[in-house]
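Participant: For reference, the chains in residue letters:
Protein chains: 2
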Amino acid sequence: MPDTPAFQDLYPDEWSYCYGCGRLNDKGLHVRSFWDGEETVAVLRPRAEHMALPGIVYGGYIASAIDCHSTGTAAGAAQRAAGKGLDQGPLPRFLTASLKVDYLKPTPLGVDLELRSRVVEVKGRKVVVATELYAAGEVRVRGEAVLVQVPDDFKPQV
Amino acid sequence: MPDTPAFQDLYPDEWSYCYGCGRLNDKGLHVRSFWDGEETVAVLRPRAEHMALPGIVYGGYIASAIDCHSTGTAAGAAQRAAGKGLDQGPLPRFLTASLKVDYLKPTPLGVDLELRSRVVEVKGRKVVVATELYAAGEVRVRGEAVLVQVPDDFKPQV
Chain A
24 MPDTPAFQDL YPDEWSYCYG CGRLNDKGLH VRSFWDGEET VAVLRPRAEH
74 MALPGIVYGG YIASAIDCHS TGTAAGAAQR AAGKGLDQGP LPRFLTASLK
124 VDYLKPTPLG VDLELRSRVV EVKGRKVVVA TELYAAGEVR VRGEAVLVQV
174 PDDFKPQV
Chain B
24 MPDTPAFQDL YPDEWSYCYG CGRLNDKGLH VRSFWDGEET VAVLRPRAEH
74 MALPGIVYGG YIASAIDCHS TGTAAGAAQR AAGKGLDQGP LPRFLTASLK
124 VDYLKPTPLG VDLELRSRVV EVKGRKVVVA TELYAAGEVR VRGEAVLVQV
174 PDDFKPQV
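Chains as they are written, first to last, in my numbering: chain A, 24 to 181; chain B, 24 to 181.
Worth double-checking, as some hints may not be accurate.
Given that identical chains are not distinguished, each listed pair holds provided it fits within a single copy or across any two copies.
To be verified - Computed cross-link-like contacts, DSS-like style, restricted to lysine-lysine with a CA-CA straight-line distance of at most 27 Å:
no.: 1; residue 1: Lys-123; residue 2: Lys-146
no.: 2; residue 1: Lys-128; residue 2: Lys-149
no.: 3; residue 1: Lys-178; residue 2: Lys-128
no.: 4; residue 1: Lys-128; residue 2: Lys-146
no.: 5; residue 1: Lys-149; residue 2: Lys-107
no.: 6; residue 1: Lys-146; residue 2: Lys-107
no.: 7; residue 1: Lys-123; residue 2: Lys-149
In case anyone wonders, no lab produced these hints; they're calculated from the structure.
With the sequences and hints as input, model every part of the structure.
Facilitator: In structure tokens, the structure reads:
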């Protein structure tokens, strides 16, 4: 992965406890997402227990990875759309309004999963992100997520 | 919950390691689903670490719960469609072909989540399941899943 902060490293502390991607959630999955040109990328290795049937990655783990990579991508896209670099202040935080996942073929356990996303739309506080998940050289899963920026007056219940 | 086996208790052992619902996965979420008339129901309590923002349940956990409750519901529906009771042999095992989740409003952490599903369609080896997730008396999330029965010649890689 690039030697730069991930989008998720740039969330304010109080919004960094997400099970999927929060750097301050010590039991979580720690999804970390980066720009790669116009796409974003995240690489993940599921743990042995993240199986559906033996040898196959659990679909809920995949949905989780797509979810958090999409919210991260939305944050990066919103920052870029505002004309700001990743070094210019904390990233905005998005939540998922809807998530669609198509499992095209089984995803093998025991190898890295690469998620690649493109920003389909940035419109006001809404971002749409399309993702492909690769494992062992093949597209296994496609996802599309609609993300909405957390309201400015939202108070995390820490 | 009813004093009867859950659908997931009736999967063959080698297909009972799913992170979301496998009774033999000791690190998993242990989703357990039951008939309630024509609907199916599962009740779950997320752990403290299963947060998105503080106080709100992680969307990936919710997607996982809907995923496994839907595969369980598909298994129950297929058994019922075949004219068999839950006591007549192991349940067939389904995998998710697609999953759509709409997060209508935040789901509060620290209370039970109740998933209620109805079987939209049983057609050959395909089942479609629609789910509503309730927390603190309100529908928070809607899901729809398309499930496909695992091929008879599928060999789990135990």
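Participant: Evaluate each hint against the coordinates.
Facilitator: Cross-check of the supplied hints:
For the identical chains of this complex, Lys-123 and Lys-146 are neighbours both inside a copy (19 Å) and across copies (22 Å), given an alpha-carbon limit of 27 Å. Taking the shortest Cα distances, Lys-128 and Lys-149 sit within 27 Å of each other only across copies (16 Å), while inside one copy they are farther apart (30 Å). For the homomeric pair Lys-178 and Lys-128, the shortest alpha-carbon distance between copies (15 Å) is at most 27 Å, but the shortest distance inside one copy (40 Å) is not. Taking the shortest alpha-carbon separations for Lys-128 and Lys-146, only the inter-copy value of 20 Å comes in at or below 27 Å, while the best intra-copy value is 32 Å.
Taking CA atoms no more than 27 Å apart as the test, Lys-149 paired with Lys-107 passes inside one copy only; the shortest distance there is 18 Å, against 47 Å between copies. In this assembly of identical chains, the alpha carbons of Lys-146 and Lys-107 lie at most 27 Å apart only when taken from the same copy (17 Å versus 51 Å across copies). Proximity of Lys-123 and Lys-149 under a CA criterion of 27 Å is satisfied in both settings, with 16 Å inside one chain copy and 18 Å between copies.
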